[in-house]
Amino acid sequence: MALPVLDYSTWRFKVNQNLDSPGTVLACFQQLLWSIKDSLITASGWTDSAGSGTTLTAPWTVIASSNGTVADASDNWTTSADLVWAATGTAHSWIVLRQTGINGQNFELLLDCNSASNNRLTVSWTPATGFDVSSPSTLTAPTATYQSTLVANSVDWVTTAITFNCALHVQVTDGGECTRVVVYIGGACKAFWALDKPKDAVSGWSSPAIGYLSYSGAPLYTTLNDVTNARCWVGSVETSAYLASAAYGTAMLGQNLTVANEVSGCWPMIPVRVVTDTYPAVGLVGTLRDTWWGATGVADGDTYPDTGTLKQFLHVGNLIIPWNQSTPLLT
Amino acid sequence: MAMPTYDKTWIFKPNIKVVKRGNATLTQQQLLYEIKVALTTASGWLDRDGAAAVNAHPWIVAASSNASVADLSDNWNSLSDVVAGTNFSWIVLRQPSINPNFSLCFSTYWGAAGNYSYGVFSFSPVDGYTLTGIGTTTTPTATDIYTVAAQGSNINIVNMYTGLLDYVIHVMMSTDGECTRVFLVENTNFVVHMWLMDKPKNPIPEWVSPALVCLTPMVAGSGTTPTQGVDYAHLNDAAYFRTRVGAVNLSMYGSTEGYLSGMLGQQVIAMNDISLRWPLTPVGLVSDITGSRGWLGSVYDMYYTSTWTSIGDYYPESGDYQFITFPNIAVPWLKAFDLVGM
Chain A
1 MALPVLDYST WRFKVNQNLD SPGTVLACFQ QLLWSIKDSL ITASGWTDSA GSGTTLTAPW
61 TVIASSNGTV ADASDNWTTS ADLVWAATGT AHSWIVLRQT GINGQNFELL LDCNSASNNR
121 LTVSWTPATG FDVSSPSTLT APTATYQSTL VANSVDWVTT AITFNCALHV QVTDGGECTR
181 VVVYIGGACK AFWALDKPKD AVSGWSSPAI GYLSYSGAPL YTTLNDVTNA RCWVGSVETS
241 AYLASAAYGT AMLGQNLTVA NEVSGCWPMI PVRVVTDTYP AVGLVGTLRD TWWGATGVAD
301 GDTYPDTGTL KQFLHVGNLI IPWNQSTPLL T
Chain B
1 MAMPTYDKTW IFKPNIKVVK RGNATLTQQQ LLYEIKVALT TASGWLDRDG AAAVNAHPWI
61 VAASSNASVA DLSDNWNSLS DVVAGTNFSW IVLRQPSINP NFSLCFSTYW GAAGNYSYGV
121 FSFSPVDGYT LTGIGTTTTP TATDIYTVAA QGSNINIVNM YTGLLDYVIH VMMSTDGECT
181 RVFLVENTNF VVHMWLMDKP KNPIPEWVSP ALVCLTPMVA GSGTTPTQGV DYAHLNDAAY
241 FRTRVGAVNL SMYGSTEGYL SGMLGQQVIA MNDISLRWPL TPVGLVSDIT GSRGWLGSVY
301 DMYYTSTWTS IGDYYPESGD YQFITFPNIA VPWLKAFDLV GM
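As given, the protein sequences belong to chains A and B, one line each in that order.
Its first residue numbered 1, the first sequence is counted upward by one per residue in the numbering used here.
Its first residue numbered 1, the second sequence is counted upward by one per residue in the numbering used here.
Chain B on its own, in the form it takes in the complex:
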């Protein structure tokens, strides 16, 4: 079976290093700031050949708070503008290529005193956030808001609250702006977590203004070691892909080819004996929420891999590096460009 061809043309901001800071909150602040800068800046991207590229569809700051000022401008101009506390920083980014008012909101809000990394993460697939009456003590709301991590829900949207860990961020976008992926790689245990904001592929016609978000949060495992986030357990066994169909917020499974009681990549943990290629199977989107049950679409340029592969494996293994694993999915990558650690 031939290697999949790309649905999209991709540009990259790979290997953004974030060295651990004095506490989890400070580390979180830098991670969020780096992500915001990467997404909203048109320059500094690389195409697949590693040549400089301009992003024609960067994310647009719709409003923000730096804990002192909250308005329709970009108040995240330096790391010090990303502040946690009772008055806290938040930002609303808009990506018209997904839907005209598709917007993402994330913030540094933490639920209790201490060095925490809890944050708020929500999106508005169609309507956009209400940006009148905004302030520094609450995040904006939207009529069609899907809150993935709420204030007080104690979800680590980018990093662990325990332990001080280094991270490497890899950001990739399709050149048409329809797909954005942020991979956060914890640099000690090589645990990966993902933000995905996409227009889905092949949505059923009844899914009006389709949009797709996936946040696999950093979840504490044993001690200070986070659990792997981009794996079958989170994407296939659990429903971490989010969307809104009509007036209903849906969480969806990322389906793929399977047999018996597991997926192909979980059961065939070797290369295909005939083609000598590792399996790559597409990611579908399936809701089992009563009232909206069914297969709704799929994900552009994302494939499940064999569980035998590791983070940073490439397909093909030499030369072209068409896809990279993170670690149970494969996504487009730069040609002959190596993933780095600290």
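This is chain A alone, in the form it adopts within the complex:
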């Protein structure tokens, strides 16, 4: 079976960022989070799907930020040292990033270091009207009328409070429609963020957008298909969502068939459907772009195909995403 045709041929990659431990727990988390932010907002330093250098036409933009000392409408995360962790009510760092390419609205992402622990933070997003940054404060991050939390500060967003070497992979479509952030530590995916414009959106779902992720581990059937860790907004309704797959019996195809297709020799790449489950927005509402469920028999970090033009796709946990033909760093 032929490889799938990408919905977006202009994926941009800032992958294989080798972030060796700076020596302390705080510095490790500062370095990682700052590198994510810096990757997202910077137009230069990207590659295309063939690994050739290029720019990103539609990087994320900074709407407002706090470094624990100054909070205003500028980018105060100029170095990793600007990231300060503390509970809400105590001066700490946060940043609001905007990406209008997802749904043509003011889709915004908030990274809020609102915990005393460096390994905790809150990641949330709002689909259209943006966060209220009219009175930025170092004590409290902005809020939005329609705010969806992807990671709460009650869980480890990557790992426990340890020092670590990690590999950071960031991918954005050139028009900003889809964004992926992947973190590997010690050969295993430890964090996956996706903020996307779905396709085949059901009529009645205006300005569709979806956020889904995994924390302290890879995106798996058990975390995204068995439970509702994805989030959408349908009008004023925040709905959780399952990421569905072709299936039979009592499990998904990639769980039932853990081997390559024995007739074609190809591994399965199964479209990911979005099924919301919150009344009054229940139903199959769309399909993820350039994302597929894979077989559980494939190792995290494997690439496809293994003949012809190699490494066009990366297996992250149980998901498959586009890749730029480089050898993925999984350290």
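Keep in mind that a hint or two might mislead.
Unchecked claim - Partial list, computed: chain A residues near chain B (C-beta under 8 Å):
#1 Ile36
#2 Ile41
#3 Val202
#4 Trp205
#5 Ala246
#6 Ala247
#7 Thr250
#8 Ala251
#9 Met252
#10 Asn256
#11 Val259
#12 Glu262
#13 Pro268
#14 Arg273
#15 Ala281
#16 Leu284
As the list claims (entries may be wrong) - Here are a few chain A residues that sit away from chain B, every Cβ distance over 12 Å (derived from the structure):
#17 Thr129
#18 Ala161
#19 Gly204
#20 Ala260
#21 Asp277
The hints are simulated quantities; they were obtained by calculation from the structure and are not laboratory data.
For glycine and all other residues, C-beta sits at the position ideal for the given N, C-alpha and C.
Given the coordinates of chain A, assemble chain B onto it according to the supplied hints.
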């Protein structure tokens, strides 16, 4: 999400009533005869608008037995030609639109004395049946035969062996001859069973001369009530879609979108809150037979539905009747044409 568009153009022979006869064997004989007549006759079809249509690709009788004569002609010329017993009736039908020699064989053979409805049902996806030396006591064979219901296997290929029940048959074919579906609706409990003989949709390239058959047999449930045949239990939880890949006969699951431990139509038993449409999810074909494991293709113009819907529900509900449910799948149907009971 928009209503699916048809892959094919369809013609129909709906609402063929078969009133119960004196025993199960007699009822079986009439059902088989009606199916044979419907499939092999070019006239008497309706297009989706209900206008008369001619079938350009009717099934062709390749050989038959009426228990007295077995040869290459059509010996099923009347109901009395369909006979069960030691000498019994069988027929081989060929549909070149699936593969040049794709053939189906079904018969009235019953495994033991009595009023039984057991039959033989087999197909040859590529080679066709060997039609030399044929007789009235055995069904023909083929080098690539896939026997779904064998002599003596006591499978009810069209009706129940217990109880006397009325049936309504609905036959539909794509105008290119690549897809044939026969729905047998038991008219007391509205239980549905299906014969499907199709060229699959989007087969993987390695599946040479692909062909697809599905027979959900009438299986006794409680007492004289048959169990539902066209449902998730038979098509998704069990492997009732049949094919042959290379020299291997495969049974396949009909996959569809799912999450957690069930399919979407089993878990979302309401209309989509946003589109106000009932879910329709496509049917894929998945083998888990070691040596041939994998997704192999899908089925034209067939969708799983919500388990909340019933047989004879229409999509959309008024006017166009683009699809009808039977009952956990939806297939094309005639515009504004109602399903009938007795």
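Comparing the hints with the structure gives:
{"no.": "1", "hint": "Ile36", "result": "violated (29 Å)"}
{"no.": "2", "hint": "Ile41", "result": "violated (34 Å)"}
{"no.": "3", "hint": "Val202", "result": "holds (4 Å)"}
{"no.": "4", "hint": "Trp205", "result": "holds (6 Å)"}
{"no.": "5", "hint": "Ala246", "result": "holds (5 Å)"}
{"no.": "6", "hint": "Ala247", "result": "holds (3 Å)"}
{"no.": "7", "hint": "Thr250", "result": "holds (4 Å)"}
{"no.": "8", "hint": "Ala251", "result": "holds (7 Å)"}
{"no.": "9", "hint": "Met252", "result": "holds (6 Å)"}
{"no.": "10", "hint": "Asn256", "result": "holds (6 Å)"}
{"no.": "11", "hint": "Val259", "result": "holds (6 Å)"}
{"no.": "12", "hint": "Glu262", "result": "holds (5 Å)"}
{"no.": "13", "hint": "Pro268", "result": "holds (6 Å)"}
{"no.": "14", "hint": "Arg273", "result": "holds (5 Å)"}
{"no.": "15", "hint": "Ala281", "result": "holds (5 Å)"}
{"no.": "16", "hint": "Leu284", "result": "holds (6 Å)"}
{"no.": "17", "hint": "Thr129", "result": "holds (20 Å)"}
{"no.": "18", "hint": "Ala161", "result": "holds (33 Å)"}
{"no.": "19", "hint": "Gly204", "result": "violated (4 Å)"}
{"no.": "20", "hint": "Ala260", "result": "violated (7 Å)"}
{"no.": "21", "hint": "Asp277", "result": "violated (8 Å)"}
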